[in-house]
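Protein sequences appear in the order of chains A and B. First residue of the first sequence: 1, per the working numbering; consecutive thereafter. First residue of the second sequence: 1, per the working numbering; consecutive thereafter.
If you're looking for bench data, these hints aren't it; they were derived computationally from the structure. There's no promise every hint is true.
[To be verified] Straight-line Cα separation of at most 25 Å, BS3-like style, residue types lysine-lysine; simulated pairs:
id : chain 1 : residue 1 : chain 2 : residue 2
1  : A       : Lys422    : B       : Lys460
2  : B       : Lys549    : A       : Lys421
3  : B       : Lys629    : B       : Lys660
4  : A       : Lys109    : B       : Lys549
[What the hints assert, rightly or not] Here are a few chain A residues that face chain B, going by a calculated C-beta distance under 8 Å:
id : residue
5  : Ala106
6  : Gly110
7  : Ala116
8  : Asn157
9  : Thr169
10 : Phe188
11 : Asn189
12 : Pro239
13 : Ile242
14 : Leu246
15 : Asn258
16 : Arg273
17 : Met283
18 : Glu343
All C-beta atoms in this analysis are idealised placements derived from N, C-alpha and C, irrespective of residue type, glycine included.
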Amino acid sequence: MTDFIDPVRERAELLTRRHLLQTGGLGLGAMALQALLARDGAAAPTPRANPLAAKAAMIAPRAKHVIYLHMAGSPSQLELFDYKPELQKLHLQSAPQSFLEGKRFAFIKGVPKICAGQFAFARHGQSGQYISELLPHFARICDQACVIRTVHTDQFNHAPAQLFLQTGTPRLGNPSLGAWVTYGLGSFNENLPGFVVLLSGGKTPDGGKSLWGSGFLPSVYQGVQCRTAGDPVLYLGDPAGIDRTLRRKMLDTLAELNQSEYQRSGDAETLTRISQYELAYRMQTSVPEVMDISREPQHVLDLYGARPGFVSQAEGADDPRVLYKGDDPTFANNCLLARRLVENGVRFVQLYDWGWDHHGSSPGESIDETLPIKCQQIDRAIAGLITDLDQRGLLSQTLIVWGGEFGRTPMMQNNVRDEFKKGFVGRDHHPFAYSMWLAGGGIKGGLAYGQTDEFGYYPVENPVSIRQLQATVLHVMGLDPERFHFTYQGLDQRLIGPTDEGQVLQGILA
Amino acid sequence: MAWGTRGPGSGWGLAQQPTLSVSLVCAARYPEEIMNRLPLVSCLFLLSGAAALEAAEPVSYARDILPILSANCYACHGPDDHDRQAELRLDDEQAVRQRKGSGFPIVPGKPDESLVIARITSADPDLVMPPRSSRRQLTPEQKELLRRWVAEGAKWQRHWSFEPIQQPAGTLDDQVRGALSAKGLALQKRAEPTVLVRRLFLDLIGLPPTPEAADVLVRDPSPAAYERLVDELLARPQFGEHWARMWLDLARFADTKGYEKDLGRTMGPYRDWVIQALNDDMPLDQFTLEQLAGDLLPQPSEQQLIATAFHRNTMCNDEGGTDDEEFRIAAVKDRVDTTIQVWMGLTMGCAKCHSHKYDPISLVDYYRFYAIFNQTEDADRYDDAPRLEVLTAAEREQRAKLQASVTRLEEALRAAEMAESAQNSATDAPWRADEIVTAESRGGATLKVTTAKAIAAEGKSEPEDTYTLVLAPGNRRLTALRLEALPAKLADGQFGVGRNPGDPNFVVSELRVEVQAGENWKPVKLVAPRADFSQSGWPVDAAIDGQTKTGWAVSPRSRERHVAIFDFAEPLDLTAESRLRVTLVQEYGNRLTLGQFRLSTSTAEPATLSPTAVSPEVRRSLDELAAAKQQLNTFQANLNLLPILRELPADKKRVTRVHKRGNFLDPGEVVEPGLPQGFGPLPANEPLNRTAVARWLVNRDNPLTPRVWANRIWARLWGLGLVETEEDFGALGSPPSNPALLDWLAAAYRDQGWSLKKLVKVIVMSQAYQQASEISPALREADPRNQLASRGARYRLPAEVVRDQALAVSGLLSAKMGGPSVMPPQPAGLWRSTYNGKSWVDAEGEDRYRRGIYTYLKRTTPYPALTMFDAGSGEVCQIRRIRTNTPLQALVTLNDPAFLEAAAALAKRLQGIAGAEARARQGLRLALIRPSTPAEIGPLLRLQQSALREFESAPEQASALLKVSRAEPGATPPAEFASWIVTASAILNLDELLTRN
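Extracted from the complex, chain B is given alone in its bound form:
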């Protein structure tokens, strides 16, 4: 009686989501006759506390009282000490036994002496609780329940889900029968073999069977044959593809980063990891540990690092001007909320602003837990760092090849340079590298003179710098100055002429030469600048044009030696004491400053001096090497880099403070890492990190994790959880419809090695699961929403299965597994994110027909045909999908090109069969698996015939339909083929096809 215990006092909104199921089909939960006889308003009272009032059993605190207190009283008298009124808390047994003013809040056995009872029954509007201002009100039935509870001794229990799991004796079916017999019901007969086979296929692998697969069980419906089929399906790789969807919803998996720009990121390897883990039946404890803390395991494998992408599915905001720290914190909070909700079914989210009003999680608890997750390196960066290279074997091979080719060309270049050095000495002859007296960097770099009188800039590297060098050229008559830029080894191990490894270019904004004249320096006029190479738009003349916004640069040849020559307008006659001062102004920014260079002077006739061009051999070598490196870089840049978790080193750990009212700009007290109390032993003698969280979540004594997971798996098979609020096992969630069954499943899951496949098998092997799903009036009356498993489950299939089934029935479905997400056709013009150039390109070939789980999911524009069937956007953790039944869904299955193409392919499959009636029968068989009846064939044939007449009288309509559905009519006349497309489309829209029954 999930609902009955919640009175109308819970307010105006709807109590819980699924009661809203838009189809409202699950709505019928109370005996129709009673409802019809009673005026509507009194239904409210009928429902309140119905469980306890109808039966004369004792009041149960957990079932009857706690829901009333938490919904009506805890807001002011609950665990949150910030908002607590009158210093009274009703969530604590000790507290209500203590004297308050004139008496005691609750005196066990004596309702008339209990202040709480007096206040809730007071006729005085100023005294009655809850107060008018709260807009909450207790019903007479609720008041009576509270009174009876006190009269019966005010027995206290913890909230049911926090109590230890007690596995009841017997089988799963015993638990179901127990609940049914209390209502005078029994299990239904077994469903037809064809129905059972379709049910198993859809539930276990998310795909329909072939009629032949169903026939196996028709011939041998024995339990042994049924079990063989179950085992076979559990072993299929499609099992992981189907069940991964549940996990990816929880993991808020998507292919983009979210928010304004919503740029793409590589998450596919993580999706494939989940599929593989489920296919391997990785136990939940390991599944938990690897995803939450794979990086903290000793020598983690690549797969274990990939698993940590689970918590990198959080969104990133790349909008200009945003505060990265703000969104880093948002991501960490999302990890905290998701972790607690996914494993324990508790909502921690509200505790980030104030202590939880209903469940025992305080503000400080929240930030202690947060402190554990607050220690990873990721920080809402544009590049999503840290990331992991995830390579396929082919990619590894190609990279090795590219690297080998770079090595080979580097050797070739060295050889060519050796050969050239002889010539170099000739071109070098007129130059002399001068004695360096001083060398200074304004930006604080160390300018070191090397043995070859070159100058290497080391140490500090400012965006802009100016080098000033004083030379002693000696007693000579100088005609020109030469600047050589020399490649030096950079931080990344590569060579370059500039200091920035990311762009090893330089820009000499200005080059000035002065000669010492007594105390002063006199400028020397420079003319006829020339260089072996200049970057387009950055000619060497610009280095002496008096402007610092222009200059000489050398990209893209920034990894080789360059030479520039500047003639003196008048020869300089120097003495031995003369000094020359050369200033290299480099003001482009971005650290485009010279890394190693040499200054030389000459006495030769300027016209004879030319900047050394490298020999043609060296030039070719250089170009080939540059091209090979470019190829390697491009390859490297396009590699899949998967965002992963990485813990900060010990000396960089963040200090965590409480965020007052959830505001990170308003930090409060410092908190140490910690785990919420009361859910099993806390780890002793080991650091409180993510590993400890993972172990704690799946410790034997944690009552929540097994219940939450068993409930989740039950819900995926039955369409509705035993605890309907799968996301909330706390005080405000719904209580289990069959507590014994829930604990039986929870214990079975935990005690049999946390095996998903074993638990699924136990459920599907039960008689309860195998029941027929027809709904008789008596059943509807007794168990309107099938929460007691009084019949086989019926519900509309999930979005991905709707798609995959249509593709499978028509024969289009691709069996390809894994890899990057794909883009099946969607209506044009949907992607219009701000500042995001990426576009949707409809896939051709196999990728057009992949399973729905591989469809590219852009958070701000999810694939419409899936979202209309309630698939999520991956923005936040989605615990369950609320099923809807809307006209927009009809438009998808009628008009979406994917479904039209499926209809055309199904029509094609039917062409091989002789006779219209046989075709229609086979069409229904392929779709519904069960044999059809003549009453079903008739309407389909009539549709086909009248479509045929229409298309024959309007052949252009036929060819238009063939075109848009990509039909391949072969020898069949177009009008006839088109009429079969219409018929196939009708089959693909059958309610029975969209329903799992």
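For reference, chain A alone in the conformation it holds in the complex:
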């Protein structure tokens, strides 16, 4: 435990390694150095030399990997997980004044009307949780997941709420959850990035790339966005006309010249550069391999509903609303990729799926018409991911988190003149109570945690703050959320902020 990211020790070990390279390496030519760097084992760049090398946890870890499925825009908990028959009775009646007084909404004005849940619920699994008819596949495996119905946040606009959830502050400039975890624990495969981000839904989430940024942590911990079209990692592909053999020869020449440069200058940074060029070379092979889902057998593709090679129309479309209509398997492809990445040792995989902001201002952004399409795009894929991980023995090592940045109001958003109109049923942003679920490593499956009031407006039992959620993710991964920090701008900066609000949710841990 005490050897966790200890800067002094890190430095001392590096020195040892440098010493080794200098005494044993000064007379070596480039070829020998290549061999030294390429070989596995003690003489290869030591784990400490690679800032992404796996590090010991601070406390006993319950999981090794995270797959975070963020539904950007925020799905309605009242149509998916939080069953509220009372809303049926009050459908289209004016909302009680207590809902509105002193509240700030993004778009609701005046006195809105209560909106009944638009889809049926039934009990599922041994746990008997209520799950919506929109999620038939999830319903099958719901005993693996712990649904929290009482998550609350203090942000009610997308970008700040996403930033708050992912970085611990609604403003820009702090490291993301994935960056924190990768900084704290490193990763398992030095030929792949430790923190990978995959996007679907055709748009970058509102909070932008800061959602997977490294903030004040070194930039090596920022999420690497892997793309399904073009190079999976920027600039990964050799230029047309340069094949692997030629690239190898070029790197050999570079290493030789850089090695003699090192002998002149004595600057160990040069050695690091040589090894980074070698790592880049290896990544050029390993990343496309792991990103190639066409290598999966058909029954696995079917399990997720994945379709290799699919290029979403969403790419490059101007009107965001057409993006998430219909049968787009990008999210399913990304779920399958997430499994492959985790299987290959990637520490943190973050998926963002855009298109869950159902205000009801048009049929393309409505609860009644768009939500079913979005659910269909994710439902089979998620159940497939959990089943697949389970079958491979990876589920117990992988924490899966699903949810949006806030919830949606029990009131209908009064768009055009208050009418209840097909294709225009919408709900505004709701920060006071919403549903997320966790599954996999360390999580008590089949648990429905927390209760909201009869309208689903406020938690009445076991409220869960964003900071608690963040603390729990760190805890499951073996990082003590209270002590895990980075000293910056004169403060011991923590993901969970300076207060003691971020308590681990012991109640959901297995």
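With chain A's structure known, arrange chain B on it following the hints.
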């Protein structure tokens, strides 16, 4: 010993950023032999308080004690009175001398009587400090230091950076030598002239020299020749382009507004202002004043207003449904935090929620300072108002031309209308404008009857309105009603028929006519509506269709007279007493209501009545004028409008309250503007506004500003600051590695007119700067990170210089300065911001090869080839870039099209040289400047030869590479040219090229 004074008690994270430098090359800071002999764990103890323990010198409060107290004790016993425990504060000399219960916290000279010492050394786990719950622990060495300090009299000092600057005697080199000799070191020999020239070029203008420029110093390496080169470089305009980057990082400069939509905004003129100011060597005090308060100067020049865009680089949130006030406040807080951090190296940010735990800045101090910045007009508006028109000479000329053409056409129209008026009287003959008895507006507008019996709506202007007019047409038999919409002068000085200057259209939703029948009004049926012109989709029939959602409107001809005629289904026989009531319902909203109009009636046969069409001459005139105005408007709309600061007028000043726990929705007490105490005299007899802040920041007695700036400039030249935490000169920052040198530089900067160029010159003229940069084992051992300047600095070049150098070496670099930011090629599909239609279009021609500082910076998607080399996103103030060394950087310089194109251009440059060996030698020379050795030529030639063989056996590979790198092989066979591209690419990836040495 920045690190040594901080024990392991500081927690789990890493103590300070740069120690994390991913390459970890700077890591070696302690004698290798000692490290190797000791078990790792004991290294921790070795380091704690090493400075004081190793030497038998007295304990220094600032160096040894304050860091222990601030890291371990201040959280509960520091300046923050909110969280203070046991009413004990250890940051205040007076407080620790006062009795606490059974004794005194600290009794100078008597550690055994001091409660603090008793508590930190207590064996009782319930009594020991810091308490277990704090998860902090003092090492035995730290405890011993505290004990010795008390034993030696518990002498108190302020934190070192708050003490006045004391310039030591001697030269810069004397200060360096002083620190070196304490370690038994001396300055290294001077670097080779070629190395020195490259170093100077890269440091001063951010571009490499030509080999010929280096040869000048090779021929004459004298100090005088060296100084001539320094002066020449300082005078080049590229100096400003290079040094502006440092300032733009601090200024959080970007080309977009940030957050979800991240829309573009015009900030280029501000960037160009910074470059010019640096080239002019504007003194720091003026540089500060113009940027913080240019708008408050008497009769500010355009340039001074442009300077205030510094604090308009803050982000704006255009996401739907956001609270503008929330993000206005976020921007103001950002200005406060940035100002204090950039000038004084203090972190005020934490004081916005609670009093600073480590430095003397309270919550109230924060909001008093905030109150000064809380008085500008900007308010997170979509249009970024207030903004300043920034025109080039060409734009001024074009606008004058367009304006002249509008004036000319207006005169032509007037003439045409005069000619037409004669005919008008004929078409007007059958109409009589009736006597108006009453005229009422439901929306509260004043309906005034003009001399020509027209009605002008004035005063209140509601989005919707209904005008009701009662007419007295007299004893006549009426057949039709005519409504004329008449252009009137609007608030913006232009004419229009509607009341909204932004859209001077009107929509008559319904027109109703009633005739008085005793007490009642009887509707009159209207038929055959016709108008001279109707807007598409808004026909005149819609004005009498009984529906208010439809109506008659006239856009785009909303600046000219229009006529509509409605026939009565049956003629109306009226008496002298009869009254006609006309109701004009206008419910479109957006103030699309009639501004001036006239109602007339006729007794003529309806079939003979037609709405006057203007004559063809007038029509043409009208159309030409409309087109010219449209052109002018388009021109105007596309002008560069730079967001600037503007102070609110006195009667609109905001009241500032403390935000409890930083939450603006939870306001506390009202605070008046104020400046933190203890950093020089506060301005007397002048208002506490941004001007006062600017003057206070650079006042002679402020010890922080000169130190922070001198340190910053040193760091840009040496790769590492004397105070490594450039962003934090407070209690938790690192102490200076050479305090005498820091104060020498700070005083030199302040006392020689705050001149950046002079300070840079002093540094680069020093022997310390000119040392060779080779690292011997002895040097590495004694000064692992070169914090004592024991050799010339070596570090990987900054992102922009990596790019610019490749373009310069290959000959592609454009020398064009200033103007809008440009879009050099980047991988497709990166820009996918929500609700933002703007796209990245790869520049062609010169703009493809501009310096990195001109690259368009979109905050949510910064240019990847630059960010991979640690450039920032401009979202928040970036005090320094932490250097990394990653595989992704290798991918950029190997595969990015910009670098491929540079490789092809370099290959092209080499084609003029005869012989492969000479080519390789010249390639290395152009890149590295120093002469190369045969041992370096050999590997390059072998690479070129084997690439040539490959390309000859696979010509399609050669042509593919030529295409993707935009090569122009000329007469050279493709395979051979391609092999030289590969060779040039290898040269452009050399570690030595990427390194400044």
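Going down the list of hints, with the structure as the test:
no. : hint                : result
1   : A:Lys422 x B:Lys460 : violated, 40 Å
2   : B:Lys549 x A:Lys421 : holds, 20 Å
3   : B:Lys629 x B:Lys660 : violated, 52 Å
4   : A:Lys109 x B:Lys549 : holds, 23 Å
5   : Ala106              : holds, 3 Å
6   : Gly110              : violated, 15 Å
7   : Ala116              : violated, 24 Å
8   : Asn157              : holds, 5 Å
9   : Thr169              : violated, 11 Å
10  : Phe188              : violated, 16 Å
11  : Asn189              : violated, 13 Å
12  : Pro239              : holds, 5 Å
13  : Ile242              : holds, 6 Å
14  : Leu246              : holds, 6 Å
15  : Asn258              : holds, 4 Å
16  : Arg273              : holds, 5 Å
17  : Met283              : holds, 6 Å
18  : Glu343              : violated, 21 Å
Of the numbered hints listed earlier, those contradicted by the structure are 1, 3, 6, 7, 9, 10, 11, 18.
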